[in-house]
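Based on the hints, put chain B in the right spot on chain A.
Protein sequence lines correspond, in order, to chains A and B.
For the first sequence, position 166 matches number 166 in full-length UniProt numbering, and the numbering has no gaps at all.
For the second sequence, position 200 matches number 200 in full-length UniProt numbering, and the numbering has no gaps at all.
Honestly, the hints are just simulated from the structure, not real lab data.
Take these hints with a grain of salt, some might be off.
Heads up, the list lumps identical chains together, so a pair's fine if it works in one copy or across two of them.
[As the list claims (entries may be wrong)] Below are the SDA-like pairs computed for lysine to any residue, each with C-alpha atoms no more than 20 Å apart in a straight line: (1) K83 <-> Q73; (2) K83 <-> V6; (3) K83 <-> L72; (4) K394 <-> L105; (5) K83 <-> H70; (6) K402 <-> V351; (7) K202 <-> P301; (8) K83 <-> I12; (9) K402 <-> L105; (10) K245 <-> G235.
Protein chains: 2
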Amino acid sequence: MSEQRVIRPTPISGFPEWLPEIRAVEQRWLDHIRSGFERYGFTPVETPSVENLDVLLAKGETSQEVYTLHRLQADAGDNSDAKLGLHFDLTVPTARYVAQHFNDLTFPFKRYQIQRVWRGERPQEGRFREFTQCDIDVINVDQVPLHFDAEMPRIAHEILSGLDIPSWTIYVNNRKVLQGFYEGLGIADPLAVIRTMDKLDKIGGEGVRTILTGEVGLSGEQADSCLALARISGGDRSVTDEVDKLGVRSELLTEGLEELGFVLDSLSDLPSGSVVADLSIARGLDYYTGTVYEAAFDDDPGYGSICAGGRYDDLAGQFIRRRLPGVGFSIGLTRIFAKLVAEGRIEAGRVCPTDVMVAVPNAQRREAALRTAARLRERGFNTEVYHQVAKFGKQIQYASRKGIPFVWFPPLDEGGTHEVKDMTTGEQGEADPETWSGTD
Amino acid sequence: MSEQRVIRPTPISGFPEWLPEIRAVEQRWLDHIRSGFERYGFTPVETPSVENLDVLLAKGETSQEVYTLHRLQADAGDNSDAKLGLHFDLTVPTARYVAQHFNDLTFPFKRYQIQRVWRGERPQEGRFREFTQCDIDVINVDQVPLHFDAEMPRIAHEILSGLDIPSWTIYVNNRKVLQGFYEGLGIADPLAVIRTMDKLDKIGGEGVRTILTGEVGLSGEQADSCLALARISGGDRSVTDEVDKLGVRSELLTEGLEELGFVLDSLSDLPSGSVVADLSIARGLDYYTGTVYEAAFDDDPGYGSICAGGRYDDLAGQFIRRRLPGVGFSIGLTRIFAKLVAEGRIEAGRVCPTDVMVAVPNAQRREAALRTAARLRERGFNTEVYHQVAKFGKQIQYASRKGIPFVWFPPLDEGGTHEVKDMTTGEQGEADPETWSGTD
Numbered sequence: 001m002s003e004q005r006v007i008r009p010t011p012i013s014g015f016p017e018w019l020p021e022i023r024a025v026e027q028r029w030l031d032h033i034r035s036g037f038e039r040y041g042f043t044p045v046e047t048p049s050v051e052n053l054d055v056l057l058a059k060g061e062t063s064q065e066v067y068t069l070h071r072l073q074a075d076a077g078d079n080s081d082a083k084l085g086l087h088f089d090l091t092v093p094t095a096r097y098v099a100q101h102f103n104d105l106t107f108p109f110k111r112y113q114i115q116r117v118w119r120g121e122r123p124q125e126g127r128f129r130e131f132t133q134c135d136i137d138v139i140n141v142d143q144v145p146l147h148f149d150a151e152m153p154r155i156a157h158e159i160l161s162g163l164d165i166p167s168w169t170i171y172v173n174n175r176k177v178l179q180g181f182y183e184g185l186g187i188a189d190p191l192a193v194i195r196t197m198d199k200l201d202k203i204g205g206e207g208v209r210t211i212l213t214g215e216v217g218l219s220g221e222q223a224d225s226c227l228a229l230a231r232i233s234g235g236d237r238s239v240t241d242e243v244d245k246l247g248v249r250s251e252l253l254t255e256g257l258e259e260l261g262f263v264l265d266s267l268s269d270l271p272s273g274s275v276v277a278d279l280s281i282a283r284g285l286d287y288y289t290g291t292v293y294e295a296a297f298d299d300d301p302g303y304g305s306i307c308a309g310g311r312y313d314d315l316a317g318q319f320i321r322r323r324l325p326g327v328g329f330s331i332g333l334t335r336i337f338a339k340l341v342a343e344g345r346i347e348a349g350r351v352c353p354t355d356v357m358v359a360v361p362n363a364q365r366r367e368a369a370l371r372t373a374a375r376l377r378e379r380g381f382n383t384e385v386y387h388q389v390a391k392f393g394k395q396i397q398y399a400s401r402k403g404i405p406f407v408w409f410p411p412l413d414e415g416g417t418h419e420v421k422d423m424t425t426g427e428q429g430e431a432d433p434e435t436w437s438g439t440d
Numbered sequence: 001m002s003e004q005r006v007i008r009p010t011p012i013s014g015f016p017e018w019l020p021e022i023r024a025v026e027q028r029w030l031d032h033i034r035s036g037f038e039r040y041g042f043t044p045v046e047t048p049s050v051e052n053l054d055v056l057l058a059k060g061e062t063s064q065e066v067y068t069l070h071r072l073q074a075d076a077g078d079n080s081d082a083k084l085g086l087h088f089d090l091t092v093p094t095a096r097y098v099a100q101h102f103n104d105l106t107f108p109f110k111r112y113q114i115q116r117v118w119r120g121e122r123p124q125e126g127r128f129r130e131f132t133q134c135d136i137d138v139i140n141v142d143q144v145p146l147h148f149d150a151e152m153p154r155i156a157h158e159i160l161s162g163l164d165i166p167s168w169t170i171y172v173n174n175r176k177v178l179q180g181f182y183e184g185l186g187i188a189d190p191l192a193v194i195r196t197m198d199k200l201d202k203i204g205g206e207g208v209r210t211i212l213t214g215e216v217g218l219s220g221e222q223a224d225s226c227l228a229l230a231r232i233s234g235g236d237r238s239v240t241d242e243v244d245k246l247g248v249r250s251e252l253l254t255e256g257l258e259e260l261g262f263v264l265d266s267l268s269d270l271p272s273g274s275v276v277a278d279l280s281i282a283r284g285l286d287y288y289t290g291t292v293y294e295a296a297f298d299d300d301p302g303y304g305s306i307c308a309g310g311r312y313d314d315l316a317g318q319f320i321r322r323r324l325p326g327v328g329f330s331i332g333l334t335r336i337f338a339k340l341v342a343e344g345r346i347e348a349g350r351v352c353p354t355d356v357m358v359a360v361p362n363a364q365r366r367e368a369a370l371r372t373a374a375r376l377r378e379r380g381f382n383t384e385v386y387h388q389v390a391k392f393g394k395q396i397q398y399a400s401r402k403g404i405p406f407v408w409f410p411p412l413d414e415g416g417t418h419e420v421k422d423m424t425t426g427e428q429g430e431a432d433p434e435t436w437s438g439t440d
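Just chain A, same shape as in the assembly:
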């Protein structure tokens, strides 16, 4: 033991880290999300953690959140990494990726991307400096069929349904409905209204009305119509009739209602209430141009969206002179997971993935134990051999502490009988490594 000074490690605020039994659950979630994406034929893509700063800042709006990289002891002559920043989302890297590899990709380009992203924000509840996003998008040249607008909530529904999380709802809307409705009302700057409506959850109807009739310059009647639209919600196409009844007309509104109706019709087989049209959903970003999605916990809607996305017209205009529309969504894995961990709602998984621990009867039978373990592994069981010669009681205790479900006892003599102990029931009986199924 050296007598050096000991640095007591402390958690770093905003950078979550889990104990193995919690991490095991997170890993299961990641696998589930990934297989959910692949089940619909989306291809995995990863990009570097960094982008050139001019790429990251091409839209200019999020500069304060970017972490830039610096070498602790940079060579004076080498500034090749002086302008690198960690990506703060997966959208900018995807836009850059599609533009850079345009000629090598097959369109429609259906990709998913599960990676960590970084934001230099002040940490607060539900906000992290490093977190994992799970993005799925389909991107095509010139046009993306409406089919995908309808498929995205289905994929989200299927994935969220398979996670052991509190109940949630996926809300759907269409920006064309909002914009077309506002245009039909004769409002000059519909985007300003959309940005204001996006605050409805936070500041309420009265607050929104004040801004609309104030800064945005609407008449009281216009503002009331906007709020009436925002009050419409429902699980099927009838919502479009309700919008109709408000008596506002515009070409864009008609188009938006058709699209929204198509999406709702396509999802009508899903359990009632799991996908709901909510005409108040705006997704404030100027980016979105059609269908928008947002999922939230039913018991804590104020926590914000746990999954969100929508359709956009121009993914990569900053990087390539091609029209590349797309539609997609992002699951905020860390946002969901960390909240449930903090609330004690994650049931810890096994400490280790071992299915069977093979006990070592004595030094002479160690090789036989290794052979048995190798056979069990070949047959698909995660298997470890107890790491030394010790009393069986001690070996069983180790398996118990690690949560290993079965302990295997190789015969004391070559040709003897194997036995296996079910650690859950405590039962022990004969077993054959060639045929054992793990649960009988």
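Leaving out everything else, chain B in the frame of chain A:
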């Protein structure tokens, strides 16, 4: 199309990125490595990408390679992330993790960790600024059984054997043999010899002899004995006899030879030549104290190790006053993968993970196509529905471009017959979504 300036994205040197069909192979490799680790009962751990600088630099030796983080527009009052750096390996984070969570872990702590690491080096062949390491270690309080020294090369062998890579060899040695032998020769500073022997590959026997008899201060006879030891290699315990024949004696040497013999005996069932004792392997780091491993490509040994590790006495002495020895190894995934990509030796995988594409006969049958796809997904097939109504020829062409192996044709009328086309053979025949197996 906006008329804004277009930023042409360019690759960032040292930060690899793959096209989807290559990425698909890398993902398969990662899954294979992970399941190889889990098959032996190791638990998955992840740590944040950053550590506090005092943690990263606790050993003080690698400061020039660390990337530090800076917020592009930091608040004047908030310097909470002023002292963060990206981890440059997974050993330091593991040491910190074990120390920090010591009371919550079950020992022996068997974990694997597959993550990206970052080094602010000048990029060159086989060196990256961002790359993925796959680490596996067993760490225990006070002592780690020799069992694990023998298990590690077995795990490495099993994993590397399952990757489609050029032939390789795992070399094994024991630092006690080296140190004990040098002590037996009466050499005052055995570590200086170890560090010199580590350069054997690069500067050759003559070069090493010059340093040993020069700077290190050995006699010519001592240097020749050291080089004679380094020439010993072989696949079984007989190498220990050859060392014996050199006539050097010390307690540590005897202990080292026993350990090396135990490891080689335990691995004697592996295919001949896959694990070889090589008494020249030194692993220069002072860190290692017993068994050491190193795997290299047979056709390009100069590329350096593709997998390396060993036993150490003191994992986390900088962070906790407990003796925590361990043994493990690390697979340099990106090092291996990027080399093979560059040499065109990676056979690209499928562009997408889709098993079946369901064609849409017409608008009226779109819903039936969606239902068929849902059923195939439930049955475990990755399934996509062609995204619009189009001529079958166009739909088949899409599947062909994406490398989708089967195209499914739902019946034109409810109750009609499904057909499926095998895109590899071109054959088409009747099929039932309830029973289709994908390959008949």
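Do the hints match the structure? See the list:
In this assembly of identical chains, the alpha carbons of K83 and Q73 lie at most 20 Å apart whether taken from the same copy (16 Å) or from different copies (14 Å). In the homo-oligomer, the alpha carbons of K83 and V6 lie at most 20 Å apart only across protomers (18 Å), although the nearest pairing inside one protomer, at 35 Å, exceeds that limit. For the homomeric pair K83 and L72, the shortest alpha-carbon distances inside one copy (14 Å) and between copies (11 Å) are both at most 20 Å. In this homomeric assembly, K394 and L105 come within 20 Å of each other (Cα to Cα) only across copies, at 18 Å, whereas the closest approach inside a single copy is 57 Å.
Proximity of K83 and H70 under a CA criterion of 20 Å is satisfied in both settings, with 9 Å inside one chain copy and 12 Å between copies. Taking the shortest alpha-carbon separations for K402 and V351, only the intra-copy value of 6 Å comes in at or below 20 Å, while the best inter-copy value is 40 Å. In this homomeric assembly, K202 and P301 come within 20 Å of each other (Cα to Cα) only inside a single copy, at 11 Å, whereas the closest approach across copies is 62 Å. Proximity of K83 to I12 under the C-alpha cut-off of 20 Å is restricted to the inter-copy arrangement: shortest distance 11 Å between copies versus 25 Å within a copy.
In this assembly of identical chains, the alpha carbons of K402 and L105 lie at most 20 Å apart only when taken from different copies (10 Å versus 46 Å within one copy). Proximity of K245 and G235 under a CA criterion of 20 Å is satisfied intra-copy only: 17 Å inside one chain copy versus 84 Å between copies.
When each numbered hint is compared with the structure, no violation occurs for any of them.
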